[in-house]
Amino acid sequence: MATLWTRGIQVCRSFSRLCTTPTVQRGTAVRLMSTENDNLQVDVDSKTGVATMKMCRPPVNSLNLEYLTSISIALEKLENEKCRGLILTSGVPKIFCAGLDILEMYQPDVERLQVFWRSLQDVWLRLYGSKMATIAAINGHSPAGGCLLALCCDYRIMAPNYTIGLNETQLGIVAPFWFKDTICGVVGEREAEHALTLGIMYSTEEALDIKAIDKVVPQEEVYTAAQEKMKQYLKIPEVARQLSKDMMRRENVEKLRLRREDDVANFKNFAVRDSVQKSLGMYLEMLKKKSQQKK
Amino acid sequence: MATLWTRGIQVCRSFSRLCTTPTVQRGTAVRLMSTENDNLQVDVDSKTGVATMKMCRPPVNSLNLEYLTSISIALEKLENEKCRGLILTSGVPKIFCAGLDILEMYQPDVERLQVFWRSLQDVWLRLYGSKMATIAAINGHSPAGGCLLALCCDYRIMAPNYTIGLNETQLGIVAPFWFKDTICGVVGEREAEHALTLGIMYSTEEALDIKAIDKVVPQEEVYTAAQEKMKQYLKIPEVARQLSKDMMRRENVEKLRLRREDDVANFKNFAVRDSVQKSLGMYLEMLKKKSQQKK
Amino acid sequence: MATLWTRGIQVCRSFSRLCTTPTVQRGTAVRLMSTENDNLQVDVDSKTGVATMKMCRPPVNSLNLEYLTSISIALEKLENEKCRGLILTSGVPKIFCAGLDILEMYQPDVERLQVFWRSLQDVWLRLYGSKMATIAAINGHSPAGGCLLALCCDYRIMAPNYTIGLNETQLGIVAPFWFKDTICGVVGEREAEHALTLGIMYSTEEALDIKAIDKVVPQEEVYTAAQEKMKQYLKIPEVARQLSKDMMRRENVEKLRLRREDDVANFKNFAVRDSVQKSLGMYLEMLKKKSQQKK
Chain U
1 MATLWTRGIQ VCRSFSRLCT TPTVQRGTAV RLMSTENDNL QVDVDSKTGV ATMKMCRPPV
61 NSLNLEYLTS ISIALEKLEN EKCRGLILTS GVPKIFCAGL DILEMYQPDV ERLQVFWRSL
121 QDVWLRLYGS KMATIAAING HSPAGGCLLA LCCDYRIMAP NYTIGLNETQ LGIVAPFWFK
181 DTICGVVGER EAEHALTLGI MYSTEEALDI KAIDKVVPQE EVYTAAQEKM KQYLKIPEVA
241 RQLSKDMMRR ENVEKLRLRR EDDVANFKNF AVRDSVQKSL GMYLEMLKKK SQQKK
Chain B
1 MATLWTRGIQ VCRSFSRLCT TPTVQRGTAV RLMSTENDNL QVDVDSKTGV ATMKMCRPPV
61 NSLNLEYLTS ISIALEKLEN EKCRGLILTS GVPKIFCAGL DILEMYQPDV ERLQVFWRSL
121 QDVWLRLYGS KMATIAAING HSPAGGCLLA LCCDYRIMAP NYTIGLNETQ LGIVAPFWFK
181 DTICGVVGER EAEHALTLGI MYSTEEALDI KAIDKVVPQE EVYTAAQEKM KQYLKIPEVA
241 RQLSKDMMRR ENVEKLRLRR EDDVANFKNF AVRDSVQKSL GMYLEMLKKK SQQKK
Chain R
1 MATLWTRGIQ VCRSFSRLCT TPTVQRGTAV RLMSTENDNL QVDVDSKTGV ATMKMCRPPV
61 NSLNLEYLTS ISIALEKLEN EKCRGLILTS GVPKIFCAGL DILEMYQPDV ERLQVFWRSL
121 QDVWLRLYGS KMATIAAING HSPAGGCLLA LCCDYRIMAP NYTIGLNETQ LGIVAPFWFK
181 DTICGVVGER EAEHALTLGI MYSTEEALDI KAIDKVVPQE EVYTAAQEKM KQYLKIPEVA
241 RQLSKDMMRR ENVEKLRLRR EDDVANFKNF AVRDSVQKSL GMYLEMLKKK SQQKK
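Protein chains in written order, with our numbering: chain U, 1 to 295; chain B, 1 to 295; chain R, 1 to 295.
So here's chain U without its partners, still in its complex pose (with noise of 0.2 angstroms):
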């Protein structure tokens, strides 16, 4: 996985110009969002109203500003569109989201970096928030924000053999209130400062254990299955369904609203420190050193 985040980060500039508009379209039986640089398919079957989003933004799906951004604008419209429900998955092999580019930390632009940082809250807000019925298909590893994408979600359907975890501190960094409120709600509070404090990623059989997933199938079958989830769902009448979701995450939710920018201020004051610069630099340099040791 180490080269793969190399990998990311030599890459990930390249992705900059992302189409930041979007298209929902229904009305054929499945058509497609497609964006600029089709890393971000969405797909919306209109006989079931069932839409998926499919990241793929190689290497690693990694989330910068323009990914997190395009994310939530494709969110907005599908919740506007009255979807009633969303699979996240991803389409890069052997990853379904490394989490955030730590280009966006490292020797940051200040005011980017707080862009970039009320994008990931929004991301958040949406898809936590979410009215839709949300089943992650995590069909590869998941650090960091791509753990926080799937631990967002109502169902979580995970392959074999991967990796899952906010392994934030062993970045020299701190999941922020809402990452922890997010994963207190999953596995709860014991589970989440042993995970967090650690910064542990879990293989897809401790995971399942941790209850951090609530189910493991093969790789060819994680996308089947959370299609499978979706139909129960799908049979609840709509309106319970979401108000009984809504009144399960409101609090979180409208904590996060409240400090938004207390939360921006914070996260800003934090990454610039000294020694987290230094904390990422190191890591950047250790990614870097095992990439050139593979090659």
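Bear in mind the hints are in silico, worked out from the structure with no lab data behind them. Bear in mind the structure is a predicted one, so any value in this text is a computation, not a measurement. Even glycine gets a Cβ: it sits at the ideal position worked out from N, Cα and C. Misleading hints may appear alongside valid ones.
Stated by the list, open to error - Computed cross-link-like contacts, PhoX-like style, restricted to lysine-lysine with a CA-CA straight-line distance of at most 25 angstroms:
no., chain 1, residue 1, chain 2, residue 2
1, U, K131, B, K231
2, R, K47, U, K278
3, U, K255, B, K255
4, B, K211, B, K231
5, U, K290, R, K231
6, U, K231, B, K278
7, B, K255, R, K231
Stated by the list, open to error - Per the computed footprint, the stretches of chain U lying under chain B, defined by three or more beta-carbons under 8 angstroms from a beta-carbon of chain B, are:
no., stretch
8, 170 to 178
9, 245 to 256
Please build the complex by placing chains B and R on the supplied structure of chain U, with the hints as guidance.
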């Protein structure tokens, strides 16, 4: 179970003249608190101070206004009599309690609808907030409000081959926040969200697996197992046990106390929605058809 | 264990001249912080920055005012010295820590009673809120306050064939809200309620099953397993680990800080109740009898 529900609907108005002044008597070894229709049998063992409340309202112990009122009054009396423990069980074959009487919510008289909801709040406040040690001897199916009664208890023992769950969303309605708080306190946030959004009915074995219940014993041993567990509670100095329970539950109890009328208004406004009435109507229709097919 | 407790009571006043100015020294490979009676051995490995605090107050490491004060001061010093980790263990055979010295609560001097309670609050605030990575190496029985010390740590490793639990209700007393918050954070609300209301003492195996502890290893490997786990914590960049832990625990810490004097008053008023004094008296009497029977 569908058949049972239907039969419940067919007969449920016939018990409306329930005794509203049940009396709990103590002094001899075992005395009976009898109600006019014997549909709520309350026995108190005067040696141990343990009451048994047996729901005997065929066919499915459905909770209409009068029955909720009877339960509430009985709970109040037991509390006033300083009973130390309560075993809640059913005298109806294969049904613990089928939950709220849907006819209270379908095409309702709006005044009665609000009184009905307050009576449910009363039962919850008294059972969930009881000073008594409370054990549910779940000897039959336990959907919706029946599941809630069980979750309010301190301990749950269930017979195999039944089902239990807060399946409100399946009927197009939504469990109120205090149902949610109750189930969160038992199975945690993650399982509660899954259970509530999908309205899952768990088998006995599945319920044990997610810790919605504490123990499974054969049907014929459910009540004696409850008595056995009760002995463990009775060994604990009374005040210390009560204060410890109160410490765990006070916050949730206070929350409902503070928001009772808002909660009544929310329920009323939701229940009279066209979409909800339509859902309930379709559900009733489905039950009737299933019942007729069976005849 | 009853015998041990009794012996604890017989001797517990004899350690009252505890050193109140323990010193922590670093610089060489391993230095000892010795107290007057050597009943609290604190060693700091200057290479790793990991301290080991060994409770050596025979017969049962019971927590009286002086001992709590020693622990509190030692924790403060370790924190000030920027120790990175703490392993908490026992030097007394078969006992991790038997909890609060009951003689502090039985027929108490009311002034001292309140100072005693504040010293317990201090230990909790320092241990639960510690910036250090803390691991309990539970090499003996751990009832009541002993269990609390273990639950305050970041990780718990326990030897087989011992017992652990917040058994306060069995003695007729009640764990305060911050004990409750601590155990809820480890085992969740449901298990916490069951544990607290019944004052359950769990076997090592049961404790693992409800996740009150994290790992079971043979008696002779408990300490080395703690050292091994500590290495995992030490690999995490310090500030990120500390901030993540603080994020999980700050709310509970703040709650006690805000309510300290209320909590002292509550405890005092409860402890001096006739019924509580009677319970404690009966408990002490029972221990004495058991002890005499054994002789």
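Hint check:
| no. | hint | in the structure |
| --- | --- | --- |
| 1 | U:K131 / B:K231 | violated, 47 angstroms |
| 2 | R:K47 / U:K278 | holds, 23 angstroms |
| 3 | U:K255 / B:K255 | holds, 19 angstroms |
| 4 | B:K211 / B:K231 | holds, 22 angstroms |
| 5 | U:K290 / R:K231 | holds, 23 angstroms |
| 6 | U:K231 / B:K278 | holds, 22 angstroms |
| 7 | B:K255 / R:K231 | violated, 44 angstroms |
| 8 | 170 to 178 | violated (count 0) |
| 9 | 245 to 256 | holds (count 4) |
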